[in-house]
Structure formats: structure tokens, C-alpha cells
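Asker: Residue numbers (UniProt numbering), protein chains in the order written: chain A, 1 to 89; chain B, 1 to 165; chain C, 1 to 132.
Just so you know, these hints were derived from the structure itself, not from any lab. The reader is advised that the hints may include incorrect statements.
Said to hold, decoys possible - Chain C side only, calculated, beta carbon under 8 angstroms to chain B, not exhaustive:
#	residue
1	GLY3
2	PHE22
3	HIS41
4	LEU49
5	LEU71
6	LYS93
7	LEU96
8	GLN98
9	LYS99
Keep in mind it's a predicted model, so treat the numbers as computed, not measured. Think of the CB as a built atom: it goes at the ideal place given N, C-alpha and C, for glycine as much as any other residue.
What follows is the residue order along each chain.
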Amino acid sequence: MLDTALWISLALFVVAILLNVYRLTIGPSLPDRILALDTMYVNSIGLIILFCIWLNSKTYFEAALLIAMLGFISTVAVCKYLLRGDIIE
Amino acid sequence: MIRARSWLPIPLLSVLLLAVWLLLQQSVAFGQWLLGGFLAIVIPIVIHPFWEPQAYLKRPFLLVRYYLRVLGDIVIANLQVSRIIIDPRKRANPMFVVYPLELEDYFTITVLASTITLTPGTVSAHLRLDGKSLLIHTLDADDPDTVIKEIHERYERPLKEIFEC
Amino acid sequence: MIGFYTVMEGIIAFFLVAGGVFAFIGSLGLARLQDFYMRLHGPSKTSTLGVGCTLIGSMIYFSLTNHTISLQELLITIFLFVTAPVSAHMLAKCALHQKLPHYERTKGRPEELDEEQEDPDAADRPSTTPAP
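Okay, chain A solo, but in the shape it has when bound (with noise of 0.2 angstroms):
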């Protein structure tokens, strides 16, 4: 029954990627491609745990960890840029 949701699971993960790198090529807007990247790291961080309970080991945590403190910094980083023209003031 586990491996069956596991499988389900890491489909969807990936069909949602796909559709990120789909919106993250013809997005119109500036803003468009960055809030595809930022799902991207968020649906990267579900990949990682899920591929963790596949091997069954904890090794690729502080990996997630690290992924979602750089996606959120890095976001922030260029939201910042596009709003003045300058990241740190």
C-alpha cells in the first residue's frame, strides 16, 4: 500500500514541476517566472522527503532545510530587486 502512495505521490510531484517549467518558459511577467521558480522549490522540498521514505533514511533533510531557506531568501532577494533597483539599501 506504501509503495503504490509512494509512487502516486512522486507522479504528481512531478507532473506539478512539469507544469511549473511550463509556466516558468511563457510566462508574460517578470513576477510570473519567479513565483514558478519559488513553487518549483517548493515542490522540489516534497520530492526530496519523498525520496527520503524511499531509501529509507533521513541523510537528504538538512538538503530540504537548506532548499526552502535558500528558495525563500533568494525569492525575497529578487522581489526586492525588481522593486527598487538595489537589494541591499
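Guided by the hints, dock chains B and C onto chain A, whose structure is given.
Answerer: Using the frame of chain A, we list chains B and C on its own:
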């Protein structure tokens, strides 16, 4: 509440740092307590000069009720948003609403704005600093007054009770 | 008689599939809604809850297999739920700053977008009565 002292300028931040450190290390060994405690004391002292004065937590128990309510609303919000996204026949009625703020403190306004973003059909878009109002984009609403009233009753008043009264 | 582990396996499977479904719906909203402000709703709420569900499932799984309470996922979940509204707010500010066009059925006229709306077709904007 723990009182602030000269060697412990921000007690809540210290407790939070210690908890996060122990969670990250996944152990409660004596050495980890020592190292975490050291970080929890040194970091607040270093960042204290550029830390803005925070709102004081008046009633911590109401905060627990608020968290539970927001948690329930997050699930409801997601079911609503999912229905709008999936159903191709249902046309959404998006709307911009200007929400007049009663809260004064920046920290409390931040909590309110985050709550609004996570809960049914609304994203806080812009904080106007002059008139103290919040621009909200809703995904599916008919009438701005209903949205304003619901947010006021459900989220702003409890927050006001917790932090300001 | 259904054993304890079978029930827990069912719960974990439910959380994993629910997480996948929510993440998929959030990205679907990102891909197919009409304007930027509506697209913002999908990722900021639904994707976050999707990954949150997956993390809760993994928390139960590792707590059972390792026989200790696994709390690292809780840290990631809390971090995601705290930061998602902030980045959504920043992106919305960005979009308002760039005066991105909005879907023509949107009601309400924020003054942040006003300069763009002084064009002639502002007259035949949809009325503010609710659509049937």
C-alpha cells in the same frame, strides 16, 4: 513570562533558538544543551541593537485557540481554492478589497497579513503605510463588505485581544 | 483484526497521496488561471499545504520505523508555513509595482494600478454587480 535582563535581552527569541537547535540536532544530550544555550544567549546579545521593540504577548492561551482556528481555516481554504482551480465551468469572480486596519503595531499587522494570505480565498497584496490599510486580492467574492466583516470578526479582533488590549 | 501497523500505513499513504494531489492542484492553478494575481493563490496556499501533508506523512513514517519521535520535518513545515505568505506578499507588491494587467472580471480598482486605467476602454469596464 521571563523578564528581560541585560544578558538576556530577548527571552522569547532565546527560547526559540534553543528549541530550533535541539530540533536540528535531533538529540537532547548535555553537550547539545550547552552549545544551544550558548548560541541562544550570544545571538540575541549580538542582534539586540537592531531589533525593533516587539509586541508584548498579553494572553498566550488565546494564541493557542487562534492557531487551531487558523489551522482549520487553512484546510477549508485549500478545498475552496482547489474547487475553483479544478472546475473549468465555474468562473471565478476575483476582486480587490481595501481593508481598513485597526491594529497599530507592525508585528501584529504582519501576523494578520500572513493569516489573510493563508486563509480562504485572499492574498494580502500591499500595505499602505499612510492610511493604515491593507490591499487584499480575493479569488472568489461578491461583496467587499462581507470580506471585510469576516476578516475583522475572525482574525483581527482575536489578534487585538492577544497583543494589544 | 487489523493490526496497528496496517492502520498507520493507511494513514501515511493517505497523507502522501493528499500531499501529492494538493501540490499538483497548486501547480495546475499556476499554469491555467488567467492573471498573475489569481495565479498567486494556487502556490501560496495549496502547494504549501501539499508539501506540509507530505512532511507530516514522512514524520509518522520515520517515527514508526526508527522508534523515536522524528521532529526535523516539523521544523521544515513550520518554516514553509511562515515564509510562504511573506514571499507571496513580496511577489504581489512586485506585480503592483510593475502594474501588471489584471483579468477583466476583477472588481475593485486599487489606486496602485490607476495610471494604467486611464485609457479609453476604462469606460466599458464590467459593472460592479455580481456575475450570475
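Asker: Give a verdict on every hint.
Answerer: Okay, the hints, checked on the actual structure:
With its C-beta approaching chain B no nearer than about 28 angstroms, GLY3 of chain C sits outside the 8 angstroms limit, and its interface hint is violated. Taken as an interface hint, PHE22 of chain C checks out: its beta carbon lies about 6 angstroms from the nearest beta carbon of chain B, inside 8 angstroms. Annotation: interface hint on HIS41 of chain C holds; nearest CB of chain B at approximately 5 angstroms, less than 8 angstroms. The restraint placing LEU49 of chain C at the interface with chain B holds, with a minimum CB-CB distance near 5 angstroms, inside the 8 angstroms limit.
Interface restraint check: LEU71 of chain C against chain B, minimum CB-CB distance 5 angstroms, threshold 8 angstroms, status holds. This hint holds: LYS93 of chain C has a C-beta 6 angstroms from the nearest C-beta of chain B, less than the 8 angstroms allowed. About 5 angstroms separates the beta-carbon of LEU96 of chain C from the nearest beta-carbon of chain B, less than 8 angstroms, and the hint is met. For the restraint placing GLN98 of chain C at the interface with chain B, the shortest Cβ-Cβ distance is roughly 13 angstroms, beyond the 8 angstroms limit, so the hint is violated.
At its closest, the beta carbon of LYS99 of chain C sits 12 angstroms from a beta carbon of chain B; the interface hint therefore is violated under the 8 angstroms criterion.
Going down the numbered hints, you'll see the structure goes against 1, 8, 9, while the others check out.
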